[in-house]
Amino acid sequence: MRAIYLILSRELFVRVKTKQFWILSILGPLLMSAFIAVPVLIAKMDDSAQTIWVQDEANLWNQKLPSKEKLLLIPAPLKGQALIDSLAQDENLGLLTITPEVFGKNPGQGLKFTSQSPLSLKVQDYLTENISKTVEDKKLEENGVSRAKLDSLKTPEFSIQSVKPEGSSQSSEKAFGLATVGSMLMYFFILIYGMQVLRGVSEEKSNRIMEVLISSVQPFQLMMGKILGIAATALLQFLIWIGLTMIVVSLVLPAFLGDAVSSSATAAPDAMSPDALSAMADVPGFLLVFFFYFIFGFLTYAALFAAIGSAVDQEQDAQQLTFPVTLPIIVAFLLAQTAVAQPHSATAFWSSMIPLTAPVVMMARFAFDAVAPWELALSMVTMVLSFVFITYISARIYRIGVLMYGKKVTLKEIARWAFKK
Amino acid sequence: MNLIELRNIHKSFEAHKALNGVSFSIPKGSIFGLLGPNGAGKTTSIRIINQIIAPDEGEVLFEGRPIRREDIQKVGYLPEERGLYKKMNIADQVIYLGQLKGLSKSEATLRCKQWFERFDLQKWWNKHVADLSKGMQQKVQFIATILHEPDLVILDEPFSGFDPVNAEILKEEILNLKQRGATILFSSHRMESVETLCDSLVMIHQSKVVLSGTTREIRQAHKSSEIELLFEGNIPDWMQGFSIVQTEDGQKVVLPMAEHSVNEWLQKALQSQLTIHSCRELIPGLNEIFIQIVQNSAL
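From first to last, the protein sequence lines stand for chains L and X.
Taken in order, the first sequence gives residues 0 to 420; the numbers are from numbering that gives the first Met the number 0.
Taken in order, the second sequence gives residues 0 to 298; the numbers are from numbering that gives the first Met the number 0.
No wet-lab data here; the hints were simulated from the structure.
These numbers were taken from a predicted model, which means no experiment stands behind them.
Check the hints yourself; a few may be wrong.
Claimed, not checked - Here's a subset of chain L near chain X, in silico, CB distances under 7 Å, partners left out: (1) I3; (2) R9; (3) V15; (4) I208; (5) I213.
Said to hold, decoys possible - Quick look at which bits of chain X chain L covers, simulated, 3 or more residues with Cβ under 8 Å: (6) 165-176; (7) 245-251; (8) 257-265.
Note that CB positions come from ideal geometry on N, CA and C, so glycine has one too.
Starting from the given sequences, assemble the full structure and let the hints guide the process.
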């Protein structure tokens, strides 16, 4: 145990002392926050006042142009060549031409915007919404129906409220965010840190310190120490991310962006919002389940990566051999996407039972509360069993691999090492 | 008393038989040579002693009883292919490796400091391997090998890569270790590099022991029973029939001891009024003995 502890601490401290660790620790949450902050900032910067000239040939607006704050619509003061010249000279100027086709089946054919620069999305949204409503109003009028009458007949927008049998309510937006962020983090950490295990093992082999190490400790201790040390590094980084994200979300973002955050939170992709990350802390059991699957999922994959790392002399030689290990984790990530859409489907169920895909897929299912206790228990048991089995197999490969030099090893040979007497 | 004893060790890798019934004993407190050409089975033997691999058959005794896992802490091993971590400062590595061999952190740090002073490496304490010259790296590796004061020090090709000055320092340290009571196992394919240091040795060829004993015994057993006489003067009649070689220092002749003893040959030479520069019994080097054995076994 002392040997494993010594190796674990070395792996942890050597990594934590590097600049990369801290750069990634700090950049991770910042990048996440940037996903929400950048669209907001861009939207803010886009807020300069704009003037659009209008040639309303369809008499859509009856001279009452729908100007609003920071968007001035005025009838085009020029005509013919003079108009074209001024449009060509001033890139901030635009001309909206409306022809009677706007009342046809495809209203877009009646609309043309002439300018050096294209219409911004925001203005476009405002104009299309307004025009569509005005066209509708006109048609209603022609048919003798008033807008008020129509509104009273229409059913308002609604959503279905999800409740648990016990009566507590749950939000599917939050579940969606949690599912996506949870499975993505799981995928990301297993892949990135799993590769670090591979790199670490093949480094010890290629710089030849391996022989000294295995004459001091057993190969199994060396492998476990390394895997656990890197797992500790990953957990530490994850905790830093959670902590930093919470600080950024609760203190920095509001101060920096003001109330723009709350007003545009819907505009930013929900899944990537730091809210979802910090929401992990709110959902009871989620963090626990995350840590469980992270630890056993990581250990299982890390053992496989360690076995591959031990079989090659140089990290570069590992490419082909890593594919069979990275494939299931990538497949798991794709399956998690379908599990987000249909957490109760058979695909979602089975992929959350198979140990190599379970860690990632289970995050998606658990967030939607779609996992029965027995399913969770069964999946956890298979995780632990597969961890024991795969570690055993990997240790056998590792034990032989670390002594093997100067030979390009094939998967077939690796399999033979694993199962020979 | 033997520190280590190998008894009838067999080891195969796939179809290749790496060791075929190898037995030898390493007396406590001696310098022992494990010699043989590349691929003879030296590294496999060392790995078995180090418990990196297990023999298919046979047993290893440590101080007279079967070797145990924890005995590994009493062994220090400097492999032929040497390496250190690139991204860790050298003192930390030495301390870490010492800890893995059972030292406490404070003890390892203290000893590391003493050794760094001894080898004049103090100012490299916080440096990385890449900043060190090859000679310094070798010193660091040597320190890491013996920091825990092992009973058995295994040195695989210890002198390869050492310049003459550092090789001399290493030799001195090895003799110091011996004086302190440590047993040293040398492994080399360059027989002459270790023959002056080794008290006893074993020679392995094609997975089998072909020769073993004390260095002195072996050389005595393989002497050709001839003397070489270097002299000046007129060649006497009795010397006709022997081939005489003219050298810069005089004439050289090889005389068989089957006919006369050394003293008798010398007497004859003196009676013939020859000026004698030197007279020595021809004792072959380990290299020659080895080649002789290999040739005989090939016949």
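Going through the hints against the structure:
Among the interface hints, the one on I3(L) is violated; its C-beta lies about 11 Å from the nearest C-beta in chain X, farther than the 7 Å criterion. A least Cβ separation of about 6 Å between R9(L) and chain X falls short of the 7 Å threshold, and the interface hint therefore holds. For V15(L), the suggested interface contact is broken, since its CB lies about 12 Å from the closest CB of chain X, more than 7 Å. Interface hint at I208(L): satisfied, since its Cβ lies 4 Å from the closest Cβ of chain X, which is below the 7 Å cut-off.
About 5 Å separates the beta-carbon of I213(L) from the nearest beta-carbon of chain X, less than 7 Å, and the hint is met. With 0 residues bearing a CB less than 8 Å from a CB of chain L, the region 165-176 of chain X misses the requirement of three and the coverage assertion fails. Counting residues of the region 245-251 of chain X whose CB falls under 8 Å from any CB of chain L gives 0; the rule of at least 3 is not met. Coverage of the region 257-265 of chain X by chain L is violated in this model, with 0 residues showing a Cβ closer than 8 Å to a Cβ of that chain against a need of three.
Hint compliance for this structure: hints 1, 3, 6, 7, 8 are broken, all remaining hints hold.
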